[in-house]
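Taken in sequence, the protein lines are chains A and B.
Residues 1 to 382 (the UniProt record's numbering) make up the first sequence, in order.
Residues 1 to 138 (the UniProt record's numbering) make up the second sequence, in order.
Rather than coming from a laboratory, the hints here were simulated on the basis of the structure.
Don't take every hint at face value.
[Said to hold, decoys possible] Below are the SDA-like pairs computed for lysine to any residue, each with C-alpha atoms no more than 25 Å apart in a straight line:
#1 K121/A to R52/B
#2 K121/A to L135/B
#3 K20/A to P72/B
#4 K121/A to F47/B
#5 K121/A to M1/B
#6 K78/A to Y235/A
#7 K121/A to P69/B
#8 K78/A to A245/A
#9 K78/A to A67/A
#10 K20/A to P68/B
#11 K121/A to P68/B
#12 K121/A to A78/B
#13 K78/A to P45/A
#14 K121/A to A75/B
#15 K78/A to M56/A
#16 K121/A to E58/A
#17 K121/A to H67/B
#18 K20/A to T123/A
#19 K121/A to D7/B
#20 K121/A to P72/B
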Amino acid sequence: MATLKDATAVVGIGQTAFAKQLPESEKALACRAILAALHDAGIDPGEVDGLASYTMEETDEVEVAKALGLGDLTFFSKVGYGGGGSCATVAHLAAAVATGQASVGVAWRSRKRGSGPRPWKNTGVQLPTPAQWTRPFGLLRPVDEIAMLARRHMHEYGTTRDHLFNVALACRNRANQNPAAVMYERPLTRDMYMTSRWISEPLCLFDNCLETDGALACVIVSAERARDCRHRPVYVHSAAQGLPAQHHGMVNYWNDDPLTGPAWTAARHLWKHADFGPEDVDVAQIYDAFTALIPLSLEGYGFCGRGEGGAFTEGGALESGGRLPLNTSGGGLSEAYVHGFNLINEGVRQLRGTSTAQVPDAATCLVTAGEGVPTSALLLRT
Amino acid sequence: MLTPVVDDDGAPFWEYTGRGELRIQACADCGELRFPPRPCCPHCQSFASEWREMSGHGRVWSYVVPHPPLLPDYAEQAPYPVVLVELAEAPRIRLVGNLVAEAGGRLDSVAMERVRIGARVQVVFDEDGLPQWVLERA
Ligand SMILES: [Zn+2]
Numbered sequence: 001m002a003t004l005k006d007a008t009a010v011v012g013i014g015q016t017a018f019a020k021q022l023p024e025s026e027k028a029l030a031c032r033a034i035l036a037a038l039h040d041a042g043i044d045p046g047e048v049d050g051l052a053s054y055t056m057e058e059t060d061e062v063e064v065a066k067a068l069g070l071g072d073l074t075f076f077s078k079v080g081y082g083g084g085g086s087c088a089t090v091a092h093l094a095a096a097v098a099t100g101q102a103s104v105g106v107a108w109r110s111r112k113r114g115s116g117p118r119p120w121k122n123t124g125v126q127l128p129t130p131a132q133w134t135r136p137f138g139l140l141r142p143v144d145e146i147a148m149l150a151r152r153h154m155h156e157y158g159t160t161r162d163h164l165f166n167v168a169l170a171c172r173n174r175a176n177q178n179p180a181a182v183m184y185e186r187p188l189t190r191d192m193y194m195t196s197r198w199i200s201e202p203l204c205l206f207d208n209c210l211e212t213d214g215a216l217a218c219v220i221v222s223a224e225r226a227r228d229c230r231h232r233p234v235y236v237h238s239a240a241q242g243l244p245a246q247h248h249g250m251v252n253y254w255n256d257d258p259l260t261g262p263a264w265t266a267a268r269h270l271w272k273h274a275d276f277g278p279e280d281v282d283v284a285q286i287y288d289a290f291t292a293l294i295p296l297s298l299e300g301y302g303f304c305g306r307g308e309g310g311a312f313t314e315g316g317a318l319e320s321g322g323r324l325p326l327n328t329s330g331g332g333l334s335e336a337y338v339h340g341f342n343l344i345n346e347g348v349r350q351l352r353g354t355s356t357a358q359v360p361d362a363a364t365c366l367v368t369a370g371e372g373v374p375t376s377a378l379l380l381r382t
Numbered sequence: 001m002l003t004p005v006v007d008d009d010g011a012p013f014w015e016y017t018g019r020g021e022l023r024i025q026a027c028a029d030c031g032e033l034r035f036p037p038r039p040c041c042p043h044c045q046s047f048a049s050e051w052r053e054m055s056g057h058g059r060v061w062s063y064v065v066p067h068p069p070l071l072p073d074y075a076e077q078a079p080y081p082v083v084l085v086e087l088a089e090a091p092r093i094r095l096v097g098n099l100v101a102e103a104g105g106r107l108d109s110v111a112m113e114r115v116r117i118g119a120r121v122q123v124v125f126d127e128d129g130l131p132q133w134v135l136e137r138a
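Excised from the complex, chain A in its bound form (with noise of 0.2 Å):
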């Protein structure tokens, strides 16, 4: 059986700048993106022949084509559930490469989030399936959501505001090392947050990822031809997605065990199919809309055990020279939220040694995608 393990590589990634409002439309910030990885990669648009996007990217492939000049597609691929389908969007093209399908992948996200409208204001398009179980009673955002699953954690296994700080914290310590971060000359302390407002308690605004303007792009070739690009390959070593069996997406309520997401299917798959474990792992970028989806994810991906996510944060763990680095560019939080596609272009930036916060000689890297929807990973690795 063909396998996906190492066949392909990240040879190239870019990225807009990252604001609260850029003037360009979406569709113009996804053509800079991608251009940016393509000559990154130093690959001619001309050679593209597969892309790989989020069913909620509003540029479609006709058009993100036509602009730049890209040759004949045979493959093209979009993932749902937000946030959960940035990793998968790599996986496609890494299966479509190493099956023959395509020879050059291109994963794109371009969004106008900072100065466009909140998804969860527009009550007219609300499936009726689950909304109706929810929002009439006020649980009207994915904060709502998420924080409901974050009070139960902190109720079962003693999970403290100070474990959440201390994810905020880690983020906004490496945005502070990261000039292309929005929250770059922002230091957060204990005390900003433990006297912000609140959200949706038991989450205040720093447990809240940013709202942000920007697009990013990654090329995906395979093993071989990546050998012949500009920068060291960052190889997909495995990728998995992951929908567990009687899930209900954020509003997880309605079987056994609601914290026990997808972060736990994927990673059972992620993991038969790598040569290293957790414990292997350099640096990782855990997709981070809120801070309470670290814990769960710890726990999920097998870094420790089902209740220690929380614990788990203490003694700067994440920060830089900790146990586990976590979103060494700032993440969803503190770089910049656009959908979690600039976690995957910081896993690469750590293999090439070209992170601004460096983990010194990473060769391994976890990419997670959102927790508590129908999600995906990737590991990487040099």
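Got chain A sorted already, so can you dock chain B with the ligand onto it with the hints?
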């Protein structure tokens, strides 16, 4: 306030609550309760279902307290608790709802210090048939 956007599967639930009954879908073949409602039983794949009446007793499994920005009708009552109630008959079935002082009460009608995980609650229905929850007397 938002009203339920009902689909085919959920319609019976709301018809029953409109009559003051809390009923949950159950498989007519294997008997397993399931929520949210769906066309087919995930345990035995039967399409036959019935709606079983619940006692209306439950316990708070978790809760959140949303603060603005919120939709205007909700912002006006914020902060308010939203509870997740596990049903006495089926702890895996947890209904999202509001804890109120009495049927039809405002979302913020219960003092926040009385809201806690594990609190025993009882279902009531507002004038539109929307289920709400009141604290049971100790
Ligand atoms: Zn059945």
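Structure-based check of all given hints:
no.: 1; hint: K121/A to R52/B; result: 35 Å, violated
no.: 2; hint: K121/A to L135/B; result: 31 Å, violated
no.: 3; hint: K20/A to P72/B; result: 24 Å, holds
no.: 4; hint: K121/A to F47/B; result: 36 Å, violated
no.: 5; hint: K121/A to M1/B; result: 13 Å, holds
no.: 6; hint: K78/A to Y235/A; result: 22 Å, holds
no.: 7; hint: K121/A to P69/B; result: 10 Å, holds
no.: 8; hint: K78/A to A245/A; result: 22 Å, holds
no.: 9; hint: K78/A to A67/A; result: 19 Å, holds
no.: 10; hint: K20/A to P68/B; result: 20 Å, holds
no.: 11; hint: K121/A to P68/B; result: 12 Å, holds
no.: 12; hint: K121/A to A78/B; result: 16 Å, holds
no.: 13; hint: K78/A to P45/A; result: 20 Å, holds
no.: 14; hint: K121/A to A75/B; result: 12 Å, holds
no.: 15; hint: K78/A to M56/A; result: 9 Å, holds
no.: 16; hint: K121/A to E58/A; result: 18 Å, holds
no.: 17; hint: K121/A to H67/B; result: 15 Å, holds
no.: 18; hint: K20/A to T123/A; result: 24 Å, holds
no.: 19; hint: K121/A to D7/B; result: 21 Å, holds
no.: 20; hint: K121/A to P72/B; result: 10 Å, holds
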